[in-house]
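A.B. asks: Starting from the structure of chain A, add chain B where the hints point.
2 protein chains.
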Amino acid sequence: MKAIILFGHGARDPRWREPFDRLATLWRDQHARTLVEVAFLEIMKPSLCDAVTSLTIQGVTQITVVPIFFGQGSHLRNDFPKLLEACREKFPKIILSATHAVGEDLAVLQAIIDFSAKVP
Amino acid sequence: MKAIILFGHGARDPRWREPFDRLATLWRDQHARTLVEVAFLEIMKPSLCDAVTSLTIQGVTQITVVPIFFGQGSHLRNDFPKLLEACREKFPKIILSATHAVGEDLAVLQAIIDFSAKVP
Chain A
1 MKAIILFGHG ARDPRWREPF DRLATLWRDQ HARTLVEVAF LEIMKPSLCD
51 AVTSLTIQGV TQITVVPIFF GQGSHLRNDF PKLLEACREK FPKIILSATH
101 AVGEDLAVLQ AIIDFSAKVP
Chain B
1 MKAIILFGHG ARDPRWREPF DRLATLWRDQ HARTLVEVAF LEIMKPSLCD
51 AVTSLTIQGV TQITVVPIFF GQGSHLRNDF PKLLEACREK FPKIILSATH
101 AVGEDLAVLQ AIIDFSAKVP
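Heads up: the sequence lines are chains A and B, in that order. Taking our numbering, the leading residue of the first sequence gets 1, the next gets one more, and so forth. Taking our numbering, the leading residue of the second sequence gets 1, the next gets one more, and so forth.
If we strip away everything but chain A, and leave its shape as in the complex, we get (with noise of 0.2 angstroms):
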């Protein structure tokens, strides 16, 4: 069973994690085959681990990881790859991969623009 996992930089004010839910919410309503988790970085929980962890228990077997971050810096290049390479360690039968930022996508970048150009 597939799975994939919105990883999100994480705050402290609870409702910063809104639009991962809601995202979470799209998934499950468009693509109910594949699992959903959301995980974060820091501050929130649950931790990419942990949501690895959750999955596997539901059986899961092959994860992708989609950063919802806009740009690629410290995080991205040096944090989130050292975490995945912990998780890939904790399970080593689970296949564990990972898409490029959102914002690196020419699909999301022109839903910005359409949304800025609605400004009146």
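Note that these hints are calculated values from the structure, not bench results. None of the values given here were measured: they were computed from a predicted structure. Watch out, some of these pointers could steer you wrong.
When the alpha-carbon atoms are kept at most 27 angstroms apart in a straight line, the in silico DSS-like pairs for lysine-lysine are as follows [stated by the list, open to error]:
hint: 1; chain 1: B; residue 1: Lys45; chain 2: B; residue 2: Lys118
hint: 2; chain 1: A; residue 1: Lys93; chain 2: B; residue 2: Lys118
hint: 3; chain 1: B; residue 1: Lys45; chain 2: B; residue 2: Lys2
hint: 4; chain 1: A; residue 1: Lys45; chain 2: A; residue 2: Lys90
hint: 5; chain 1: B; residue 1: Lys82; chain 2: B; residue 2: Lys93
hint: 6; chain 1: A; residue 1: Lys82; chain 2: A; residue 2: Lys93
hint: 7; chain 1: A; residue 1: Lys118; chain 2: B; residue 2: Lys93
hint: 8; chain 1: A; residue 1: Lys82; chain 2: A; residue 2: Lys2
hint: 9; chain 1: A; residue 1: Lys45; chain 2: A; residue 2: Lys93
hint: 10; chain 1: B; residue 1: Lys2; chain 2: A; residue 2: Lys118
hint: 11; chain 1: B; residue 1: Lys90; chain 2: B; residue 2: Lys2
hint: 12; chain 1: B; residue 1: Lys2; chain 2: B; residue 2: Lys93
hint: 13; chain 1: B; residue 1: Lys82; chain 2: A; residue 2: Lys82
hint: 14; chain 1: A; residue 1: Lys118; chain 2: B; residue 2: Lys82
hint: 15; chain 1: B; residue 1: Lys118; chain 2: A; residue 2: Lys2
hint: 16; chain 1: B; residue 1: Lys93; chain 2: B; residue 2: Lys45
hint: 17; chain 1: A; residue 1: Lys2; chain 2: A; residue 2: Lys93
hint: 18; chain 1: A; residue 1: Lys2; chain 2: A; residue 2: Lys45
Ranges between beta-carbon positions, derived for each pair [to be verified]:
hint: 19; chain 1: A; residue 1: Ala86; chain 2: B; residue 2: Gln62; range: 48 to 56 angstroms
hint: 20; chain 1: A; residue 1: Pro14; chain 2: B; residue 2: Ala107; range: 48 to 56 angstroms
hint: 21; chain 1: B; residue 1: Ala86; chain 2: A; residue 2: Lys90; range: 42 to 50 angstroms
hint: 22; chain 1: B; residue 1: Gln110; chain 2: A; residue 2: Pro14; range: 22 to 30 angstroms
hint: 23; chain 1: A; residue 1: Thr53; chain 2: B; residue 2: Pro46; range: 28 to 36 angstroms
hint: 24; chain 1: A; residue 1: Pro81; chain 2: B; residue 2: Leu106; range: 44 to 52 angstroms
hint: 25; chain 1: B; residue 1: Lys45; chain 2: A; residue 2: Pro14; range: 42 to 50 angstroms
hint: 26; chain 1: B; residue 1: Ala86; chain 2: A; residue 2: Glu85; range: 41 to 49 angstroms
hint: 27; chain 1: B; residue 1: Ser54; chain 2: A; residue 2: Met1; range: 46 to 54 angstroms
hint: 28; chain 1: A; residue 1: Pro81; chain 2: B; residue 2: Ser74; range: 21 to 29 angstroms
hint: 29; chain 1: A; residue 1: Thr61; chain 2: B; residue 2: Leu106; range: 29 to 37 angstroms
hint: 30; chain 1: B; residue 1: Arg28; chain 2: A; residue 2: Pro14; range: 46 to 54 angstroms
hint: 31; chain 1: B; residue 1: Met1; chain 2: A; residue 2: Gln30; range: 23 to 31 angstroms
hint: 32; chain 1: A; residue 1: Thr61; chain 2: B; residue 2: Pro81; range: 28 to 36 angstroms
Ideal Cβ placement from N, Cα and C applies to all residues, glycine included.
C.D. replies: The following block gives chain B in isolation, referenced to the frame of chain A:
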């Protein structure tokens, strides 16, 4: 003359800003009549007020700031309104408004879902 400012968090790694520069290029290609600048909350330049200054010099009288953030946490709920107010005090003749964070927009979230669904 109108303008928009694409307002992001900022980061130490200069490559972090690439999606912001790409957004500005897309905007210029598609909406040439409305000027665009990027601006950052911290670490990166220009600041919000510096971007407003640059636009006023070019004759802009109406500016909308688009926060390129997913979640609305302390940065957008506390820091950003104060920054916006400081810019308004500095430029009382400029009409300065702001949209919600782009992560609040359903079409942006859907584009992220579609990107995630392209995962092999």
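A.B. asks: Are the hints correct? Go through all of them and say.
C.D. replies: Here is what the structure says about each hint:
1. B:Lys45 - B:Lys118: Violated, at roughly 34 angstroms.
2. A:Lys93 - B:Lys118: OK: lysine 93 (chain A) and lysine 118 (chain B) at ~23 angstroms, within 27 angstroms.
3. B:Lys45 - B:Lys2: 22 angstroms, holds
4. A:Lys45 - A:Lys90: Given that 27 angstroms is the threshold and the Cα spacing comes to 18 angstroms, the pair holds.
5. B:Lys82 - B:Lys93: 18 angstroms, holds
6. A:Lys82 - A:Lys93: OK: lysine 82 (chain A) and lysine 93 (chain A) at ~18 angstroms, within 27 angstroms.
7. A:Lys118 - B:Lys93: 23 angstroms, holds
8. A:Lys82 - A:Lys2: Between lysine 82 (chain A) and lysine 2 (chain A) the Cα gap is close to 22 angstroms, so the pair holds against 27 angstroms.
9. A:Lys45 - A:Lys93: 24 angstroms, holds
10. B:Lys2 - A:Lys118: Holds. Lysine 2 (chain B) to lysine 118 (chain A) sits at ~13 angstroms (cutoff 27 angstroms).
11. B:Lys90 - B:Lys2: 18 angstroms, holds
12. B:Lys2 - B:Lys93: 13 angstroms, holds
13. B:Lys82 - A:Lys82: Violated, because 36 angstroms separates the two Cα atoms, which is more than 27 angstroms.
14. A:Lys118 - B:Lys82: Since the Cα atoms of lysine 118 (chain A) and lysine 82 (chain B) sit roughly 24 angstroms apart, the hinted pair holds (cutoff 27 angstroms).
15. B:Lys118 - A:Lys2: Holds - the C-alpha atoms of lysine 2 (chain A) and lysine 118 (chain B) are around 13 angstroms apart, at most 27 angstroms.
16. B:Lys93 - B:Lys45: 24 angstroms, holds
17. A:Lys2 - A:Lys93: Judged against 27 angstroms, a Cα distance of about 13 angstroms means the pair holds.
18. A:Lys2 - A:Lys45: Between lysine 2 (chain A) and lysine 45 (chain A) the Cα gap is close to 22 angstroms, so the pair holds against 27 angstroms.
19. A:Ala86 - B:Gln62: 48 to 56 angstroms: 49 angstroms, holds
20. A:Pro14 - B:Ala107: 48 to 56 angstroms: 25 angstroms, violated
21. B:Ala86 - A:Lys90: 42 to 50 angstroms: 47 angstroms, holds
22. B:Gln110 - A:Pro14: 22 to 30 angstroms: Holds, since glutamine 110 (chain B) and proline 14 (chain A) (Cβ atoms, about 24 angstroms apart) stay within the stated range.
23. A:Thr53 - B:Pro46: 28 to 36 angstroms: 43 angstroms, violated
24. A:Pro81 - B:Leu106: 44 to 52 angstroms: 32 angstroms, violated
25. B:Lys45 - A:Pro14: 42 to 50 angstroms: This hint is violated: roughly 31 angstroms between Cβ atoms.
26. B:Ala86 - A:Glu85: 41 to 49 angstroms: At roughly 43 angstroms between Cβ atoms, glutamate 85 (chain A) and alanine 86 (chain B) fall inside 41 to 49 angstroms, so the hint holds.
27. B:Ser54 - A:Met1: 46 to 54 angstroms: Holds - the Cβ-Cβ distance for serine 54 (chain B) and methionine 1 (chain A), about 52 angstroms, lies within 46 to 54 angstroms.
28. A:Pro81 - B:Ser74: 21 to 29 angstroms: 28 angstroms, holds
29. A:Thr61 - B:Leu106: 29 to 37 angstroms: 32 angstroms, holds
30. B:Arg28 - A:Pro14: 46 to 54 angstroms: With Cβ atoms ~37 angstroms apart, the hint is violated.
31. B:Met1 - A:Gln30: 23 to 31 angstroms: 41 angstroms, violated
32. A:Thr61 - B:Pro81: 28 to 36 angstroms: Given range 28 to 36 angstroms: violated, Cβ gap about 47 angstroms.
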